[in-house]
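Trainee: Listed in order, the protein sequences are those of chains A and B.
When the count follows my numbering, it moves up by one through the first sequence with no breaks and lands on 543 for the last residue.
When the count follows my numbering, it moves up by one through the second sequence with no breaks and lands on 543 for the last residue.
Just so you know, the hints here were simulated from the structure itself, not pulled from any lab data.
Do not rely on the hints blindly, as some may be mistaken.
The list cannot tell twin chains apart, which means a pair is met if one copy fits it or any two copies do.
[To be verified] The list that follows gives simulated cross-link-like pairs (lysine-lysine, BS3-like), each with its CA atoms no further than 27 angstroms apart:
hint: 1; residue 1: K109; residue 2: K143
hint: 2; residue 1: K284; residue 2: K436
hint: 3; residue 1: K284; residue 2: K84
hint: 4; residue 1: K465; residue 2: K242
hint: 5; residue 1: K468; residue 2: K348
hint: 6; residue 1: K220; residue 2: K348
hint: 7; residue 1: K112; residue 2: K84
hint: 8; residue 1: K284; residue 2: K319
hint: 9; residue 1: K436; residue 2: K348
hint: 10; residue 1: K38; residue 2: K112
hint: 11; residue 1: K348; residue 2: K319
hint: 12; residue 1: K100; residue 2: K348
hint: 13; residue 1: K500; residue 2: K436
hint: 14; residue 1: K220; residue 2: K84
Predicted, not measured: the structure shown is a model, and the values here were computed from it.
What follows is the residue order along each chain.
2 protein chains.
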Amino acid sequence: MNLIRHFILLLFSTLCGAAATVATVEKWGVFELELTGPAEGNPFTEVRFGAVFTDGASTVSVPGFYDGNGVYKVRFSPGSTGEWRYETKSNRWELTGKLGKFTATPPGPANHGPVQVYNTFHFAHADGTPFKQVGTTIYNWTDTPEELQEETLRTLAGAPFNKVRMLLTPQPTPYQNRFAPPRWPFVGTPPRAWDFTRFNPDYFSHYEKRVAELLALGIQADVILFNPYGKFGFETMDAAGDERYVRYVIARLGAYRNVWWSLANEYDFLRTKTDADWDRLGTLVQHCDPHQRLRSIHNGALIFDHSKPWITHVSMQNGSAVEESGRAEMYRGVWRKPVVYDEVKYEGVTEYRWGNLTGRQMVHRFWCGTVAGTYVGHGDYFATVNDDTFTSFGGKLTGQSAPRLAFLRRILEESPSLGIDPIDKWQDANTGGVPGLYYLSYFGQATPTEWSLKLFKNAVAEGQRYQAEIIDTWDMTVTPVEGEFVTKKFDNYHYVDAAGRTVKLPGKPGMAVRVRRIGTDGKPAANVLPGD
Amino acid sequence: MNLIRHFILLLFSTLCGAAATVATVEKWGVFELELTGPAEGNPFTEVRFGAVFTDGASTVSVPGFYDGNGVYKVRFSPGSTGEWRYETKSNRWELTGKLGKFTATPPGPANHGPVQVYNTFHFAHADGTPFKQVGTTIYNWTDTPEELQEETLRTLAGAPFNKVRMLLTPQPTPYQNRFAPPRWPFVGTPPRAWDFTRFNPDYFSHYEKRVAELLALGIQADVILFNPYGKFGFETMDAAGDERYVRYVIARLGAYRNVWWSLANEYDFLRTKTDADWDRLGTLVQHCDPHQRLRSIHNGALIFDHSKPWITHVSMQNGSAVEESGRAEMYRGVWRKPVVYDEVKYEGVTEYRWGNLTGRQMVHRFWCGTVAGTYVGHGDYFATVNDDTFTSFGGKLTGQSAPRLAFLRRILEESPSLGIDPIDKWQDANTGGVPGLYYLSYFGQATPTEWSLKLFKNAVAEGQRYQAEIIDTWDMTVTPVEGEFVTKKFDNYHYVDAAGRTVKLPGKPGMAVRVRRIGTDGKPAANVLPGD
Numbered sequence: 012m013n014l015i016r017h018f019i020l021l022l023f024s025t026l027c028g029a030a031a032t033v034a035t036v037e038k039w040g041v042f043e044l045e046l047t048g049p050a051e052g053n054p055f056t057e058v059r060f061g062a063v064f065t066d067g068a069s070t071v072s073v074p075g076f077y078d079g080n081g082v083y084k085v086r087f088s089p090g091s092t093g094e095w096r097y098e099t100k101s102n103r104w105e106l107t108g109k110l111g112k113f114t115a116t117p118p119g120p121a122n123h124g125p126v127q128v129y130n131t132f133h134f135a136h137a138d139g140t141p142f143k144q145v146g147t148t149i150y151n152w153t154d155t156p157e158e159l160q161e162e163t164l165r166t167l168a169g170a171p172f173n174k175v176r177m178l179l180t181p182q183p184t185p186y187q188n189r190f191a192p193p194r195w196p197f198v199g200t201p202p203r204a205w206d207f208t209r210f211n212p213d214y215f216s217h218y219e220k221r222v223a224e225l226l227a228l229g230i231q232a233d234v235i236l237f238n239p240y241g242k243f244g245f246e247t248m249d250a251a252g253d254e255r256y257v258r259y260v261i262a263r264l265g266a267y268r269n270v271w272w273s274l275a276n277e278y279d280f281l282r283t284k285t286d287a288d289w290d291r292l293g294t295l296v297q298h299c300d301p302h303q304r305l306r307s308i309h310n311g312a313l314i315f316d317h318s319k320p321w322i323t324h325v326s327m328q329n330g331s332a333v334e335e336s337g338r339a340e341m342y343r344g345v346w347r348k349p350v351v352y353d354e355v356k357y358e359g360v361t362e363y364r365w366g367n368l369t370g371r372q373m374v375h376r377f378w379c380g381t382v383a384g385t386y387v388g389h390g391d392y393f394a395t396v397n398d399d400t401f402t403s404f405g406g407k408l409t410g411q412s413a414p415r416l417a418f419l420r421r422i423l424e425e426s427p428s429l430g431i432d433p434i435d436k437w438q439d440a441n442t443g444g445v446p447g448l449y450y451l452s453y454f455g456q457a458t459p460t461e462w463s464l465k466l467f468k469n470a471v472a473e474g475q476r477y478q479a480e481i482i483d484t485w486d487m488t489v490t491p492v493e494g495e496f497v498t499k500k501f502d503n504y505h506y507v508d509a510a511g512r513t514v515k516l517p518g519k520p521g522m523a524v525r526v527r528r529i530g531t532d533g534k535p536a537a538n539v540l541p542g543d
Numbered sequence: 012m013n014l015i016r017h018f019i020l021l022l023f024s025t026l027c028g029a030a031a032t033v034a035t036v037e038k039w040g041v042f043e044l045e046l047t048g049p050a051e052g053n054p055f056t057e058v059r060f061g062a063v064f065t066d067g068a069s070t071v072s073v074p075g076f077y078d079g080n081g082v083y084k085v086r087f088s089p090g091s092t093g094e095w096r097y098e099t100k101s102n103r104w105e106l107t108g109k110l111g112k113f114t115a116t117p118p119g120p121a122n123h124g125p126v127q128v129y130n131t132f133h134f135a136h137a138d139g140t141p142f143k144q145v146g147t148t149i150y151n152w153t154d155t156p157e158e159l160q161e162e163t164l165r166t167l168a169g170a171p172f173n174k175v176r177m178l179l180t181p182q183p184t185p186y187q188n189r190f191a192p193p194r195w196p197f198v199g200t201p202p203r204a205w206d207f208t209r210f211n212p213d214y215f216s217h218y219e220k221r222v223a224e225l226l227a228l229g230i231q232a233d234v235i236l237f238n239p240y241g242k243f244g245f246e247t248m249d250a251a252g253d254e255r256y257v258r259y260v261i262a263r264l265g266a267y268r269n270v271w272w273s274l275a276n277e278y279d280f281l282r283t284k285t286d287a288d289w290d291r292l293g294t295l296v297q298h299c300d301p302h303q304r305l306r307s308i309h310n311g312a313l314i315f316d317h318s319k320p321w322i323t324h325v326s327m328q329n330g331s332a333v334e335e336s337g338r339a340e341m342y343r344g345v346w347r348k349p350v351v352y353d354e355v356k357y358e359g360v361t362e363y364r365w366g367n368l369t370g371r372q373m374v375h376r377f378w379c380g381t382v383a384g385t386y387v388g389h390g391d392y393f394a395t396v397n398d399d400t401f402t403s404f405g406g407k408l409t410g411q412s413a414p415r416l417a418f419l420r421r422i423l424e425e426s427p428s429l430g431i432d433p434i435d436k437w438q439d440a441n442t443g444g445v446p447g448l449y450y451l452s453y454f455g456q457a458t459p460t461e462w463s464l465k466l467f468k469n470a471v472a473e474g475q476r477y478q479a480e481i482i483d484t485w486d487m488t489v490t491p492v493e494g495e496f497v498t499k500k501f502d503n504y505h506y507v508d509a510a511g512r513t514v515k516l517p518g519k520p521g522m523a524v525r526v527r528r529i530g531t532d533g534k535p536a537a538n539v540l541p542g543d
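Turn these sequences into a full structure, and let the hints steer you where they fit.
Mentor: Below is the structure:
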């Protein structure tokens, strides 16, 4: 986190007209302005504070927030390099009309900017770097004992996951039922007597620290604003309370470029809110977030109307949809937005059928989602941590899927930046890719003993050269097929290999084939072919 | 068709104050009022005409239409019995302010009223009679030689289909490329020089005759307003032309209780219109149809946003979605409206993969859709009629699926009036029904050799009695399993048979099992159980 505390110096230099050091922050980093203001009354409800930032070309109104002890902050993540000037706005004299500037410097090598929707169904960082989502779920990890939180970070550093779904407010878990969370988001008396007009800045600054640590690991934080697990009473806020909470969270967290907003976990299980409430809250996030982070809402049994304009991508709970790639594709066409199957049941052993996938089933679901042009989320539900699980509490991973998801992630990183789309929608559910360039076929539970090249006609012509590799999704091997394939028209729909070659497959489940066009240099083409 | 021509008599009796015969029409029948008015100029664009009907409780504004030769008509289908009074409205003196009345009598035994959405995902007639859609497709049958149209009606009289998808305007077909259609919807010169401001009443009155004949057969007419097959130029109308056409069609056809409006066939292939155009036209139909017939829009490759409020049910082209019941269910939850898979490829033998299903594949798709709580449409694409097919031209059915769909329809007629819904969504794709009452499991391509009772917990308790039958969907047999099953709790999710009985299945594809609760009379319960 780029914490800037140069304001006093800056103010001094402005007043004296003297040359002074101007604060710097990386493009897409966090510029933080800190002011001192009133501490009496209830600053959370009585003081409005923010700043307008401009680089001359664009102007951004950024909400600030009260951080306790008379301290007011505004956080802004500049989207372009160069000089930015600002002016504060407030309904208090000591916080309004303050002028200043800072310089946004070019991003460092690990800073690719926030993740955005790319090519309708996919994601990319703001600098164009593809983001191929391989997510996991650790709902309550920021509420666990400190040493466990640190262990979770170490686990994540060695794990394949580049996105974590995490609750913002605590939820009851087996552990939380015995030991209270160390901090609470509101002032009041646990477990349910809260003053919803007073936030606890310690709670949020701790949460921010964890978000920043995820950022340092290159991991997106899919921050869940509301959850339906009512024991602590956060679901009892009225509409004004919800709005105050959403605005406070956005002001505090929104400048971190790895933040995504998930309106709710299992929204339909939160019985105090209607679809219209969610639409209002989602629209609020859309309109009051100056950084326009990604926005979604996650379902239980009832699917939300993801055609709402505030929803940037689909966050789906439906494990059955990724049991089979033909199913996985279907929600894409419905909403024409990226589809992330954020909850597909968890790998684990429990009496609950939502938490007892085998490792193989979890890996299978990821591959089904992948060739269907969608993204999948993982969960590890073995009760190994204080009677709790990785997916609820963090700690160590137990299941067998994680290394295989690391392998899948490598395959994804090697896939075209355009993203994997179904090649022949509604005809060949097993194959995704980019026509004429890249094909990934996954055979799922089937156990084929041979394979031969058969490419759908789009972008294919006679005489194109391709290389094939056999992928074992469980044993994590990529075995190149010797020689190359040259296309020949087969019928109105397909091209096949001119030499009619067939390739032996091992007759076991979980196999895939990757076919890549050979470029003029004789190597598989990564993305756009030279001279093509 | 209940054609009423008593207006002159009625007018006479009103003027004289004498007692006279009052016209009668069945509830949900068609009352038609005919007046004479101006024939000069262009009455289609210059004369506005309609009538307001009231039975004292409700008041309905009904648009009229010009039928040529100075004749103006308004058609109204009363939704309640008793006396209805009306007053005409027009921008011409001779057509405005005419008063009259008629009596709506109770419906006859075959008249169940229009089909409406029922229980979120299903359909029922206005009198509560369930409508279990088993559709077919005969796009151009009203444009074929008269003797072929008659043959088509005879075929339909003996076929299982209770809904026909049919175009309103002609489209090019192999036959139409050699012989012009006998009538055209507009005045002008074929194939493309039309005066879109002048309709051809003969075209529409012929179409209406066919719609009325379908009604007499108990068949719904899913009337497709626009199609993308451009050879005849109807897709070149401007927005005003589209609106005039839609209003004219609604005024003429909307009073027939078996009419459904399909905005378009393969809307996304009609390149002269945008999604916003379709939304405008759909909203127009919603607002100008006094009878509020069902409304849908049918896609090619791009799925429409069926969350639009003017859409009453989903009309889906996606054959792959009904290859497997787990897929078929998915669109239900998205839109929470009835899903009709109106195009799932056709049974036939062609070089096109959209027209070469086997009979078994067609029947399989219907059964997948059925247990998933959706409805399916049939097409017969054997080139047997003037080089054309049943699905384009009508005539005789060639394929093997139709008798099996008659068998399925019988199964559907015997199913609960609430409709078949997935019993354990996202867990058991094979089973639909009504919890605690009726279960229909379809095993698709699987070839199980035995079956045992396993019911999801909803509405099930220990000691309930069920009867089971083995269904062969291809050989069209229903074989009762001897004796009865009595439920016993198995785990947190399921109940099984207390005696642990297993039933032998023949180990072939296309098998189903029907399980029905035994009522207090010892017979399978049809719907709600007495004393339950």
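Trainee: All hints are to be evaluated individually against the structure, with a verdict given for each.
Mentor: Quick rundown of the hints versus the structure:
1. K109 with K143: Cα proximity of K109 and K143: none, with 42 angstroms in one copy and 70 angstroms across.
2. K284 with K436: Classified as between; 23 angstroms across copies, 37 angstroms inside a copy.
3. K284 with K84: neither (31 angstroms within a copy, 50 angstroms between copies)
4. K465 with K242: Classified as neither; 56 angstroms inside a copy, 35 angstroms across copies.
5. K468 with K348: within (25 angstroms within a copy, 36 angstroms between copies)
6. K220 with K348: neither (31 angstroms within a copy, 45 angstroms between copies)
7. K112 with K84: Within one copy, since 15 angstroms is at most 27 angstroms while 75 angstroms is not.
8. K284 with K319: both (17 angstroms within a copy, 22 angstroms between copies)
9. K436 with K348: Both ways: K436 and K348 sit 16 angstroms apart in one copy and 24 angstroms across, limit 27 angstroms.
10. K38 with K112: Answer is within: at 14 angstroms inside a copy they meet the 27 angstroms cutoff, but 76 angstroms across does not.
11. K348 with K319: both (11 angstroms within a copy, 17 angstroms between copies)
12. K100 with K348: Neither: 36 angstroms inside a copy, 48 angstroms across copies.
13. K500 with K436: Within. Shortest intra-copy distance 20 angstroms satisfies the 27 angstroms Cα cut-off; inter-copy 43 angstroms does not.
14. K220 with K84: This pair counts as within: shortest intra-copy Cα distance 16 angstroms, inter-copy 75 angstroms.
Checked against the numbered hints given earlier, the structure breaks hints 1, 3, 4, 6 and 12 and satisfies all the rest.
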